[in-house]
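First to last, the protein sequences are chains A and B. Counted from 1, the first sequence has number 172 at position 173 by numbering that gives the first Met the number 0; the numbering is strictly sequential. Counted from 1, the second sequence has number 15 at position 16 by numbering that gives the first Met the number 0; the numbering is strictly sequential.
Calculated from the structure, these hints are not laboratory results. Incorrect hints may have been included.
What the hints assert, rightly or not - Okay, derived cross-link-like pairs now, SDA-like style, lysine to any residue, Cα gap no bigger than 20 angstroms in a straight line: (1) K159/B with P83/B; (2) K28/A with E223/B; (3) K21/B with V122/A; (4) K21/B with E147/A; (5) K1/B with S123/A; (6) K32/A with A158/B; (7) K1/B with Q92/A; (8) K43/A with V232/A; (9) K28/A with I221/B; (10) K28/A with A158/B; (11) K28/A with P83/B; (12) K21/B with T108/A; (13) K225/A with D39/A; (14) K1/B with V125/A; (15) K1/B with N126/A; (16) K159/B with G30/A; (17) K1/B with N121/A; (18) K28/A with Y220/B; (19) K1/B with R128/A; (20) K1/B with Q88/A; (21) K159/B with F29/A; (22) K1/B with K32/A; (23) K21/B with Q88/A; (24) K1/B with I93/A; (25) K21/B with P105/A; (26) K1/B with T108/A; (27) K1/B with R124/A; (28) K32/A with K21/B; (29) K28/A with M222/B.
Said to hold, decoys possible - A few chain B residues that face chain A, going by a derived Cβ cut-off under 7 angstroms, partial list only: (30) V8; (31) T20; (32) L87; (33) V90; (34) E223.
Built from N, CA and C at the ideal position, the CB exists for glycine as well.
Listed here are the chains, written in short residue letters.
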Amino acid sequence: MPRSKRKQSGVLPQLNSEHYIEARGLTKKFGYKTALRDVDIYLKEGDSLALFGPNGAGKSTMIQVLGSLMQPTSGRVRIAGYETRRDRQALRQIIGLIGHQTFLYPQLTAYENLKFYGAMYNVSRVNDRISEVLDIVALSDYRNDAVENFSRGMQQRLSIGRAIIHDPSIMFLDEPFTGLDQQSREDFIKLILQFRDQGKTVIMASHHLHLGLELCNQAAILKTGKIVYQSEVDRIPESDFQQIYEQQIGEKVLPLKVA
Amino acid sequence: MKFVHKLGVIIWKDFISEFRTKEMILSMCLFSFLVLIIFNFAFGLSSNLDRGMIAGILWVAFVFSGLTGLGRSFSMEHDRGTLPGLILCPVSPWTIFLAKLIGVFLFTTVMEIFTIFLFSVLYNTSVLPFLSPLGLITFLGTLGFTAIGTIFSAISATAKARNVLLSILFFPISVPVIIAAVKATDLILNGKSFQMIFPWLKILIAFDLIFLLVSYLTFEYIMEE
Chain A
0 MPRSKRKQSG VLPQLNSEHY IEARGLTKKF GYKTALRDVD IYLKEGDSLA LFGPNGAGKS
60 TMIQVLGSLM QPTSGRVRIA GYETRRDRQA LRQIIGLIGH QTFLYPQLTA YENLKFYGAM
120 YNVSRVNDRI SEVLDIVALS DYRNDAVENF SRGMQQRLSI GRAIIHDPSI MFLDEPFTGL
180 DQQSREDFIK LILQFRDQGK TVIMASHHLH LGLELCNQAA ILKTGKIVYQ SEVDRIPESD
240 FQQIYEQQIG EKVLPLKVA
Chain B
0 MKFVHKLGVI IWKDFISEFR TKEMILSMCL FSFLVLIIFN FAFGLSSNLD RGMIAGILWV
60 AFVFSGLTGL GRSFSMEHDR GTLPGLILCP VSPWTIFLAK LIGVFLFTTV MEIFTIFLFS
120 VLYNTSVLPF LSPLGLITFL GTLGFTAIGT IFSAISATAK ARNVLLSILF FPISVPVIIA
180 AVKATDLILN GKSFQMIFPW LKILIAFDLI FLLVSYLTFE YIMEE
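So here's chain A without its partners, still in its complex pose (with noise of 0.2 angstroms):
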């Protein structure tokens, strides 16, 4: 039985040049552990894909190996046309990757962060750009402020901006909304949304179905690093997809809603 045919799926992905993210065979292991089990993930252009999934579930390796942060194990990933073991530079040029660490210098100030960050992606006219992105995370007024003294919400706001300095068109988002404020989730959640609506591609790991499925146009649950459930996000309802979710990890979910 071909692999894809295994997996409990809604909408069945198939190979094609349209995909602009194809991820084939993806295997990770760290030592004896499987992080990854034979993942498959194809997307196309636009595309916004939730991972959902428990602790341990390999939603964040998942992100660092189409990040190219990590290679894996066996499989492969092309995105946008390249792949990410032989065109990293060119790939990197393309993402921006929230994670669970904000990638700041504490002992920098937010414009000298962005800045950083702004010269290693070529960004030009950057200063305005830094303007541009301060404004965006409401943190024009903490430019000059050193990020060591910023709180984690808004060292987590910021990392947003670093994330955007280069305005990506692939936007891979581990868990983005932890340290957030109720204020600064909303700015964020419409922040995601104008990438929706401008063509970007969005991969999400999230414990947030709610979030996730409001959110994104694809759904994906990851179990001890297999992908057991994929499905096209308006073709079931969010109390089904619940259900769903917890007949495959065995757990209970919480109703989780947008305050």
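With chain A held as given, fit chain B onto it using these hints.
For chain B alone, kept in the frame of chain A given last:
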């Protein structure tokens, strides 16, 4: 030009961070100060020290103090959680390596200038007559041990016992550079001719080139893994 610009930006970032914390330079200078003080107590305030001993004291201070800086080079990135951000930038691993090497090399050079000055004061010995050749040997020796040390710093940055690992990896490999530097320094301080120093100089240059070549070939793999 992009390569040079990005190289400069990484060095600028490291320098700004260091000038605001002074973690690396202070620990290096303090370590060097302690080494000189301990040897000073052992040998007394004499300007008649054996020249070979002077070379040994200087290079013990240079290498051990330099190692404290090398240890911080990548571990600081790891501890602050910025290493993945740096790796994610569209920049060649070689650029990151060179920027880190130049940063550590410059900080180590500052420590070495401080050490030589302090040595002159504590041991009542002037190094001014030997300053040019001593500077050349110090430059080549420092380049050698910082080049290979930067690689090992990257390898050990994520390890739990990284200081132990760095020392275990660093000392056996850097021995040829250290021996050549000590021998050449000894000959310079004893006023020997350039012809006698030249073989050690060739060894230093050869190992510097080997270490830089090995770094160029392996650093990408180290960063990605």
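Going through the hints against the structure:
Between K159/B and P83/B the alpha-carbon distance is near 18 angstroms, which keeps this suggested pair within the 20 angstroms criterion. About 15 angstroms separates the Cα atoms of K28/A and E223/B, which keeps this hinted pair within 20 angstroms; it holds. Among the hinted pairs, K21/B with V122/A is inconsistent with the structure: their alpha-carbon atoms are about 30 angstroms apart, more than 20 angstroms. A C-alpha spacing of about 16 angstroms is found between K21/B and E147/A, which places the hinted pair at or below 20 angstroms, so the restraint holds.
A hinted pair counts as satisfied when its Cα atoms are at most 20 angstroms apart, and K1/B with S123/A qualifies at roughly 12 angstroms. Taking the CA atoms of K32/A and A158/B, the gap is about 18 angstroms. The hint holds against a cut of 20 angstroms. In summary, the hint linking K1/B to Q92/A is supported, as the alpha carbons are separated by about 14 angstroms, within the 20 angstroms threshold. With a CA separation close to 15 angstroms, the supplied pair K43/A and V232/A stays within the 20 angstroms bound.
For the proposed pair K28/A and I221/B, the alpha carbon gap of about 17 angstroms is at most 20 angstroms, so the pair holds. Taking the CA atoms of K28/A and A158/B, the gap is about 18 angstroms. The hint holds against a cut of 20 angstroms. Distance restraint check for K28/A and P83/B: the Cα-Cα separation of roughly 19 angstroms lies within the 20 angstroms cut-off, and the hinted pair is therefore satisfied. For the hint pairing K21/B with T108/A, the CA-to-CA distance comes to about 17 angstroms; that is within 20 angstroms, so the pair holds.
With a C-alpha separation of about 9 angstroms, the suggested pairing of K225/A with D39/A holds against the 20 angstroms cut-off. The straight-line distance between the Cα atoms of K1/B and V125/A is roughly 15 angstroms, inside the 20 angstroms bound, and the hint therefore holds. Restraint check for K1/B and N126/A: satisfied, since their Cα atoms lie roughly 18 angstroms apart, inside the 20 angstroms limit. Among the hinted pairs, K159/B with G30/A is consistent with the structure: their alpha-carbon atoms are about 16 angstroms apart, no more than 20 angstroms.
About 8 angstroms separates the Cα atoms of K1/B and N121/A, which keeps this hinted pair within 20 angstroms; it holds. Taking the CA atoms of K28/A and Y220/B, the gap is near 17 angstroms; set against the 20 angstroms cutoff, the hint holds. Between the alpha carbons of K1/B and R128/A the distance comes to roughly 19 angstroms, so the proposed pair stays at or under 20 angstroms and holds. With a CA separation close to 13 angstroms, the supplied pair K1/B and Q88/A stays within the 20 angstroms bound.
Taking the CA atoms of K159/B and F29/A, the gap is about 16 angstroms. The hint holds against a cut of 20 angstroms. Between K1/B and K32/A, the direct Cα distance comes to roughly 40 angstroms. Violation of the 20 angstroms bound is thereby established for this hinted pair. Distance check on the hinted pair: K21/B and Q88/A sit about 32 angstroms apart at the alpha-carbon level, beyond 20 angstroms; violated. As the CA atoms of K1/B and I93/A are separated by approximately 17 angstroms, the hinted pair is consistent with the 20 angstroms bound.
A C-alpha spacing of about 14 angstroms is found between K21/B and P105/A, which places the hinted pair at or below 20 angstroms, so the restraint holds. Among the hinted pairs, K1/B with T108/A is inconsistent with the structure: their alpha-carbon atoms are about 24 angstroms apart, more than 20 angstroms. Of the supplied pair hints, the one linking K1/B and R124/A holds, its CA atoms being roughly 15 angstroms apart against a limit of 20 angstroms. With a CA separation close to 40 angstroms, the supplied pair K32/A and K21/B exceeds the 20 angstroms bound.
Proposed proximity of K28/A and M222/B is supported: the alpha carbons are some 18 angstroms apart, at most 20 angstroms. Hint status for V8/B relative to chain A: holds, with the closest Cβ pair at about 4 angstroms, below 7 angstroms. Because the smallest distance between the Cβ of T20/B and any Cβ of chain A comes to about 6 angstroms, under 7 angstroms, the interface hint for this residue holds. Nearest Cβ of chain A to the Cβ of L87/B: about 6 angstroms, under the 7 angstroms cut. The hint holds.
The closest approach between the C-beta of V90/B and any C-beta of chain A is roughly 6 angstroms, which is under the 7 angstroms cut-off, so the hint is satisfied. Residue-level restraint check for E223/B holds (minimum Cβ-Cβ distance to chain A is 6 angstroms; threshold 7 angstroms).
The structure does not agree with the numbered hints 3, 22, 23, 26, 28 stated previously, though it agrees with the rest.
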